[in-house]
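Colleague: Assemble the complex: chain A is given as a structure, and chain B must be docked to it using the hints.
Residue numbers (our numbering), protein chains in the order written: chain A, -11 to 247; chain B, 26 to 589.
These are computed hints drawn from the structure, not numbers from a lab.
The structure displayed is predicted, hence computed values, not measured ones.
There's no promise every hint is true.
Label-pair ranges, simulated between beta-carbon atoms [to be verified]:
| # | chain 1 | residue 1 | chain 2 | residue 2 | range |
| --- | --- | --- | --- | --- | --- |
| 1 | B | Leu170 | A | Ile100 | 56 to 62 Å |
| 2 | A | Leu239 | B | Ser579 | 47 to 53 Å |
| 3 | A | Ala242 | B | Ser43 | 35 to 41 Å |
| 4 | A | Gln213 | B | Ala314 | 58 to 64 Å |
| 5 | A | Gln232 | B | Arg64 | 29 to 35 Å |
Here chain A is said to cover these stretches of chain B; the calculated rule only asks that three of the stretch's residues, wherever they fall, bring their Cβ under 8 Å from a Cβ of chain A [stated by the list, open to error]:
| # | segment |
| --- | --- |
| 6 | 356 to 362 |
| 7 | 445 to 452 |
For every residue, glycine included, the Cβ atom is placed at its ideal position computed from N, Cα and C.
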Amino acid sequence: MSSPIITIRHLSKQYGDKTVLNDISLDIYPGQIIGYIGPNGAGKSTTVKILTGIIQEYTGEVDVFGKSLRDNILEVKSKVGYIPELAELYDLLTPREYLSFVGKLYHLQDDIIEERSRKMLDSFSLLNNIDQRMDSLSKGMKQKVLITAGLLHNPTIVIMDEPLSGLDANAVILVKELLQALKQEGKTIFYCSHMMDVVEKVSDRIVLINNGRIIADGTIEELRQSSADSLEQIFSRLTSGGDQVQKADDLAAAMNDRG
Amino acid sequence: MNKLFLNMVMLPSALWRSLGADIGQLRAILNVRLILDDRKPVGIGRGQKQKKDRKYTSLFNIFISLVMGGVYMLPLIIVTDRVFSLTIFFTLLLAVMTLMLITDFSNVLFDARDKYILFPRPVNDRTLVLARMLHVFIYLFRIVLPMSLPGWVALGYFDGWRSALLFPFILILMVCFALFLVNSIYLLVLNLVKAEKFKDIINYFQIVASAVFFASVYLLPRLFDNEHPHDFDILNYQWVRFIPSYWLAVCWSWIGFPTSLAGTAYLSVLAVILPLVCVYVLVRWLAPAFSQKISGIDAVDVGEHRIVGIEKRKTGNRFYQKIAYTFNRSDDARAGFMIAWLQTSRSRSFRMRVFPTFAYIPVYFFYMLTQNHTSFAYAFNHLSYQPRHLLLLYMSSFVMISALNYLTMSDQYKAAWIYYATPVEKPGRIMIGAFKAIWVKYFLPFFIILSVFILYVWGVSAIMDIILAMVNVTLFVSCMARISYRHLPFSIAEQMKQGGNRIVKSFIVMIIPSALGLGHYMALRFHLLWLEFIFLALSSILLWLVWDSYSNTSWENMMKGEAE
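Isolated chain A, as found in the complex (with noise of 0.2 Å):
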């Protein structure tokens, strides 16, 4: 196998005196798929700002491309592309003022941004909405702006946290194709999402975190136990003993004064 594309020894971070990573070891390959899952709070996002440069402290080390994060921050942003859950974009613009404005950041020549956000929104079917204001786009359109803005700069790393929230079904399945036609191109994806059924999928390792520590991390073959366990199943009975049956059962109970 090549070497790792993404290097993570020991990281660890704390807020305060909460502990959200603690002592993360995790290499990464080429072209591959990894599905980044864990409970509620186990600390996925976290690892994705490091990853995406945005939180710069943390101890430990962690290596792209074989050079250190911390002293290349700045190459390794430019090769890294982030698409982040929620829709957070300054929507006064028009998806085409956004992505030049973005593509600047990145240091793209005018007609390629142009060229490359024509081609992207027209295949997200968004290309009439190309000079609307975002305001007035759903929260799905606005999804695809960011997914558009992510990849506009051809990143050799993708990392995508919570990628599909508020698609329509129709754009989870390109989005889905995309991933793998991403990987055909050889680029490395970080995929963090609560969709069980889409990780196992297309995912070619997973990964599992909780309370800041990796749990799981394989193949799904290799994670099931018996061969009818789902992904999903796998997942509660790691993180929460599979007790799910009788917590629900007390929620209904709570609301009535009952037990």
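Modeller: Relative to the frame of chain A, chain B by itself:
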């Protein structure tokens, strides 16, 4: 402190209940809003603010308010007629407060951010409207209190305890009066026009109203003969009886002070009744269907294809892009320039806060003309004998100051993650790009118009003054940007807490450019053209240094600046 204010506004619970509000809900909503105001949203890559620093800022704000209050107190000492002195006092306070209400606090009423939290709950519109009103009331009162403190002390000292005791009640009436009146107008408009037109209409209203208020603060005293304030005769000013601040002042007739105009004691009833009538009309008649209208305002654009005007053209670079390239060499600066250019034209809150400052200068010019009690034409013709054009030129910095103030703020501050995830070497590049955008877009055209006018009145010889003033003003605002606004554009959440204080601060800041122009004035006064050239050279060098330092702001510098 919050608890105290909360209890204070909940004192007339019976009144609120009789108006149709749910007291329990009202208290809960207000409580949460006050808690939220105390918690600064954590931005991207930004730590918690140090408590100590915040304490100093609020102390500084109180100090400034006290200084302003000291100025307002002066009529109470100089003018012997108590009721009339109070009329002036209340007029000043009322003007400042209304200005704050119109520019800084009006968004609270139409803020739709909590609609997903509150609108699906069984909360009636009267409770919603009242909660928003009382929320603003608390902030207004917080600001007005230190501002009125010197006046309060003066009243106690000169008139004794009865006057001092009456004062806080009238002060509360005054705050209620301004608050409920302004908001009644808003709600009335909301009820009359289509939801989609509403924000634009309010926007224009706000611009016009703040210009009018600025004008009235400057021009109103001109109506009186202020060269001999002691032999002033109020009987020449019968119209004073129609001014609300006179009604408030006349309340002092209750404790034995003579009314300035005979037989006007009955007007004090208006001071008490009007706020009540306003709040009644507001809550009973105008508030219902409030939430429906508010959600209407936001729903407007959805689904509609609102194509942005000029951007419709398909080919070639757009106008703003061309200018972005002309004025900036790095891509980061161009990106900063472009986003500042586009966002500032689309953001309502930006327009609303910055556009009124354009009006201040013509108003001030008008003030200059009427200053000497001569005829208009005479004053105009003799204008060129004095170096007054310097003031006009230096006042143009107001526009930049207020634009800078709002350049870093946005409701969508969370969208600023993009700066952190992209390969931006120095955030200073983006900042300088954004700075240039507002300079080119707002300052330059305005300055050119001003220059043409000045060349017309003062002649071609003023050209050196124009150039020197332009460099000096740019230098001054660049220094301000370098010192206080080292933030990425549209990356900071706007907070209710700072509302109002900004206006107070900007009054103080306006003094500084005049000081900067002093050297210029001296050179002009003594006809030392060579000195102007030296100043020009010095300012240009300084400007270059400041810009260089600003555009080299590193991520570390920026984070450090934000922690302060």
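Colleague: Each hint needs a verdict: does it hold in this structure or not?
Modeller: Against the structure, the hints come out as follows:
For the pair leucine 170(B) and isoleucine 100(A), the supplied restraint of 56 to 62 Å holds, since their beta-carbon distance comes to about 58 Å. In this structure the hint that leucine 239(A) and serine 579(B) lie 47 to 53 Å apart at CB holds, the actual value being about 50 Å. A beta carbon spacing of about 38 Å between alanine 242(A) and serine 43(B) agrees with the range 35 to 41 Å that was offered as a hint. Taking 58 to 64 Å as the suggested C-beta distance range, the pair glutamine 213(A) and alanine 314(B) conforms, at roughly 60 Å.
Hint check: glutamine 232(A) to arginine 64(B), Cβ distance near 34 Å, so the stated range 29 to 35 Å holds. Here the segment 356 to 362 of chain B counts 4 residues with a CB under 8 Å from a CB of chain A, which clears the bar of 3, and the coverage holds. Coverage of the segment 445 to 452 of chain B by chain A holds [criterion: at least 3 residues with CB-CB distance below 8 Å; count 6].
Every hint, counting from the list given before, is met by this structure.
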